[in-house]
Amino acid sequence: MQRTTTLILTCLALFSKASAEVAYEFAPNFITPPPGKETIGDGHGEIAVDSAGNVYVSVQEANAGIQVYGKDGKFIKALSLPASLHGFVIRKVAAGEFIFAAVLGESKVIQANLDGSIVMEIPTASFPAEQRDFVTVSKVKAEDAGKPKPRTDEIASGVKIAETKTELTLKLANGTEKVIAKELGVRAAGGLKLTNCDVAPNGDIYVVDGYGKSWIFVFDSKGKFKSVFGGPSEPLKLANAHKIFVDRRFEPARLMICDRGHKRMLHTSLQGALIGEIATDMRNPSSASFHGNLMCVAEIAGNVSVWDKEGKRVADLGTSPQPTNTPGIAPKDWQAGIVTSPHGITFDNDGNILETEWNKWGRVLRWNRK
Amino acid sequence: MRPSSSNIQAAGGTHPFPLFAFLILLLGLPRLGFAHGYDFLSARLDLLNDGSLIELTITAEYGSNPMLPDITTATQALQEVLRIESRGQDHRLSDLAPLTLHQTTQQEGMLPPSIAHAEDGQDHQFLQAHWRWVPDIAEVAFSVPKTGLHDVLLWRSLPTGETQSMLLLSGDISKPIRIHPQQHPSQLIVWLLAAFLLIFCLVQLRKFLLATSN
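Chains as they are written, first to last, in my numbering: chain A, 1 to 370; chain B, 1001 to 1214.
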């Protein structure tokens, strides 16, 4: 009896080890660019796969922000969407299958049908003023007045609470108000810089201000603001939280944050409570996707990694021998199977990995699961 | 654990990729209307006075870099972003020589020529730190603290016109850089005395050999 139990346990251990092993092989030249193009075009976005297996890649092209490819990688069409879809996901919700996207250049979120028609929008005005209107006001240095590229001195940072033709009023961190005359050379910069969004099982939409102060906003499925958490201060202390994803491998679902500035990934509850760090000391995690119990991650400084549900790194793909973080590597210098600066990533429906890069010519790589 | 070239099995066509090579390949950064500025700080290294003087020019773009929203964070970053490793110890740059900061909007000399791009018509705000140090050692390396938030592109132009560069992430240490330390006056005296002693010995040896041969 004891021997039988030992045998069964050994078999189970071997089986679980075998099932935990994952291996991929690089699939060269997967994407066929649109007719007349040698590459897909300026990439600073995301890649996703719909339920039919079609591949969607965002590029920075006016009125053609997403290109659609078939399962075979052949170009099908471009969708008439904004040029700055820095982050997007394709999710099935009660009403159907949609693209949810953060429009970086317009500080808004859109929900679109798979044909590109927009069905819902969360405009800038729907975000809370405390984050939306946070600005830094500066003034051109006197000795640089009139120069084409003047240096500036900072005057103050705070939430813009009023503005007239002649004055700007900020609410400062200490609660006081500061009135700044809008004289020549005074300028205000700041505001939201939305980099990604995802959808929770209950339909709530999570949006991150990844190029701003890393705030995470929660809206209901109709686009009504519900709450905000994250940001640069305790307890999460985020820095350049580049993209966020709802991690449905867990019950209840969690939020997975690519805290790129800290080179780490972390989990929070959907309410924003810290669960824990998944990994640290990474090559700047920028995007992620899930399939079964696996998560693949695009690390912009030159790596694609695959992780199991326990947070163990189970594979590395396309690793650049030296760290990189630039969109400027030209096609003639691309090496088969070696990434440059991974920016977006997705599993397809069969567990194969597709990755898009921060690259001004546009590049997509694919690894097939063995 | 961040993957390195030694502990990672890259899937598909791995080729040798020599240190410093990747940036030589670059043609230029794009003019990204919706993107952000440089994600890294640039540190230009110059070896002056026949290699006896190290000059570093570290540049941070702030405002458009999501990690450096304002000049305050840029100032802090420049003061802490790099350390120097010598004789097995790491030092803050400011412990060895002062850092002087100044603002600029000009990009000239900030990046290797191969990746510096033409003016894009957008406003850029840079903060630069200049640092000069006369070392008394033959080899140094630069490191980014483990707790550092910023990546650093360390680069230098060689007399051949080539550019060497590498991106340092938190916890990374550059390859050792050979320098030619200036001789300390006391070292010169020691060398002169040694030379004098050697000549004296040779003269005495010659005298002895002549005497014994006669």
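Source of the hints: derived by calculation from the structure; they are not laboratory data. All of these numbers come straight from a predicted model, not from anything done at the bench. A couple of the hints might just be wrong.
Stated by the list, open to error - The list that follows gives simulated cross-link-like pairs (lysine-lysine, DSS-like), each with its CA atoms no further than 25 Å apart:
#, chain 1, residue 1, chain 2, residue 2
1, B, LYS1146, A, LYS312
2, A, LYS171, A, LYS160
3, B, LYS1207, A, LYS237
Unchecked claim - Only some residues are given here: those of chain A computed to face chain B with a beta carbon under 10 Å:
#, residue
4, THR136
5, SER157
6, LYS171
7, ALA173
8, ASP281
Backbone N, C-alpha and C fix where the C-beta goes; we use that ideal spot for every residue, glycine too.
Practice prompt. Identify every previously stated hint that the structure contradicts and give their numbers, smallest first.
Written response: Violated: hints 3, 6, 7.
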